[in-house]
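Here the structure of chain A is known, so what remains is to put chain B in place on it, guided by the hints.
Line order of the protein sequences matches chains A and B. Residue numbers for the first sequence follow the UniProt record's numbering, beginning at 1 and rising by one. Residue numbers for the second sequence follow the UniProt record's numbering, beginning at 1 and rising by one.
Worth flagging that the hints you see were computed from the coordinates, not collected in a lab. A portion of the hints provided could be inaccurate.
Okay, derived cross-link-like pairs now, EDC-like style, lysine to aspartate or glutamate, Cα gap no bigger than 20 Å in a straight line [to be verified]:
no.	chain 1	residue 1	chain 2	residue 2
1	A	LYS107	B	GLU47
2	B	LYS107	A	ASP53
3	B	LYS107	B	ASP76
4	B	LYS107	A	GLU47
5	B	LYS107	B	GLU80
6	A	LYS107	A	ASP53
7	A	LYS107	B	ASP53
8	A	LYS107	A	GLU80
9	A	LYS107	A	ASP76
10	B	LYS107	B	ASP53
Restraint-style ranges between C-beta atoms, simulated for each label pair [unchecked claim]:
no.	chain 1	residue 1	chain 2	residue 2	range
11	A	TRP98	B	PRO97	36 to 44 Å
12	B	PRO79	A	ASP39	45 to 53 Å
13	B	GLY40	A	ALA92	24 to 32 Å
14	A	THR75	B	GLN21	42 to 50 Å
15	A	PRO97	B	GLY14	21 to 29 Å
16	B	GLY90	A	ARG83	35 to 43 Å
17	A	ARG44	B	THR42	23 to 31 Å
18	B	GLU47	A	LYS107	16 to 24 Å
Derived coverage of chain B by chain A (criterion: at least 3 residues anywhere in the stretch with Cβ under 8 Å from a Cβ of chain A; other residues may be distant) [as the list claims (entries may be wrong)]:
no.	stretch
19	41 to 51
20	54 to 64
Beta carbons: idealized from backbone N, C-alpha and C, even for Gly.
Protein chains: 2
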Amino acid sequence: MTTVLHVCTTCRAGQPLPDGQTAPGQTLFDTVAQSGLPDGVTLRAVECLSACDHGCAIALSKAGGWSYVYGRMTTDDVPEILRGAGLFAGSADGIVPWRDRPTIFRKQTLARIPPLET
Amino acid sequence: MTTVLHVCTTCRAGQPLPDGQTAPGQTLFDTVAQSGLPDGVTLRAVECLSACDHGCAIALSKAGGWSYVYGRMTTDDVPEILRGAGLFAGSADGIVPWRDRPTIFRKQTLARIPPLET
Numbered sequence: 001m002t003t004v005l006h007v008c009t010t011c012r013a014g015q016p017l018p019d020g021q022t023a024p025g026q027t028l029f030d031t032v033a034q035s036g037l038p039d040g041v042t043l044r045a046v047e048c049l050s051a052c053d054h055g056c057a058i059a060l061s062k063a064g065g066w067s068y069v070y071g072r073m074t075t076d077d078v079p080e081i082l083r084g085a086g087l088f089a090g091s092a093d094g095i096v097p098w099r100d101r102p103t104i105f106r107k108q109t110l111a112r113i114p115p116l117e118t
Numbered sequence: 001m002t003t004v005l006h007v008c009t010t011c012r013a014g015q016p017l018p019d020g021q022t023a024p025g026q027t028l029f030d031t032v033a034q035s036g037l038p039d040g041v042t043l044r045a046v047e048c049l050s051a052c053d054h055g056c057a058i059a060l061s062k063a064g065g066w067s068y069v070y071g072r073m074t075t076d077d078v079p080e081i082l083r084g085a086g087l088f089a090g091s092a093d094g095i096v097p098w099r100d101r102p103t104i105f106r107k108q109t110l111a112r113i114p115p116l117e118t
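Chain A extracted, bound-state conformation:
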């Protein structure tokens, strides 16, 4: 089942955005897009994950699995975002063993939502 890595491209990471400057969320998206995505992971731009106070925000979801939203992501985090997305994609239900999760995922989870099917 394909995992979708959503990156909020409008995210200003809680800061004002001067005219003409690229939103930090767009920069994060671009950095991810230029990286090699793990098997089974699709990247998708999204306008607003409603977590603006804790941006940049990303989300991971797949059919039949828990969905997760993470905040305060930066371009420095891209390697760990991709590692975590790969582990999520390889999990049965979106729940990756705690010890395996990237630290940014352990500490910067904003919310998670159960699958509709249980």
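Chain B alone, transformed into the frame defined by chain A:
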């Protein structure tokens, strides 16, 4: 399509929970369960929505729609939670017009996640 209203029953609303006391999330769940649910809405208990710093937390989801997580909910909010859940259930894609949304949903959204199908 059935809407699921998830209520985190383990939520301590950021407070210590003395032995033997009922978690605020369980009390919120019980209050919702004793209320009349809107058409098309199913209530489901969930253990942890990973939004512990902003509990009590609830989530709304349905197939093909955006999912939303709301925080800082109390039993006083139950009528508006139910009204908002009904509007969500009646929407095409989970997006309720801004002017119609309960104030608690406007101001206490923790995150939202797009549908997998777009």
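Tested hints:
no., hint, verdict
1, A:LYS107 <-> B:GLU47, "holds (18 Å)"
2, B:LYS107 <-> A:ASP53, "holds (12 Å)"
3, B:LYS107 <-> B:ASP76, "holds (16 Å)"
4, B:LYS107 <-> A:GLU47, "holds (18 Å)"
5, B:LYS107 <-> B:GLU80, "holds (13 Å)"
6, A:LYS107 <-> A:ASP53, "holds (16 Å)"
7, A:LYS107 <-> B:ASP53, "holds (12 Å)"
8, A:LYS107 <-> A:GLU80, "holds (13 Å)"
9, A:LYS107 <-> A:ASP76, "holds (16 Å)"
10, B:LYS107 <-> B:ASP53, "holds (16 Å)"
11, A:TRP98 <-> B:PRO97: 36 to 44 Å, "holds (40 Å)"
12, B:PRO79 <-> A:ASP39: 45 to 53 Å, "holds (47 Å)"
13, B:GLY40 <-> A:ALA92: 24 to 32 Å, "holds (29 Å)"
14, A:THR75 <-> B:GLN21: 42 to 50 Å, "holds (44 Å)"
15, A:PRO97 <-> B:GLY14: 21 to 29 Å, "holds (26 Å)"
16, B:GLY90 <-> A:ARG83: 35 to 43 Å, "holds (40 Å)"
17, A:ARG44 <-> B:THR42: 23 to 31 Å, "holds (28 Å)"
18, B:GLU47 <-> A:LYS107: 16 to 24 Å, "holds (20 Å)"
19, 41 to 51, "holds (count 6)"
20, 54 to 64, "holds (count 5)"
The structure fails none of the hints (numbered hints given earlier).
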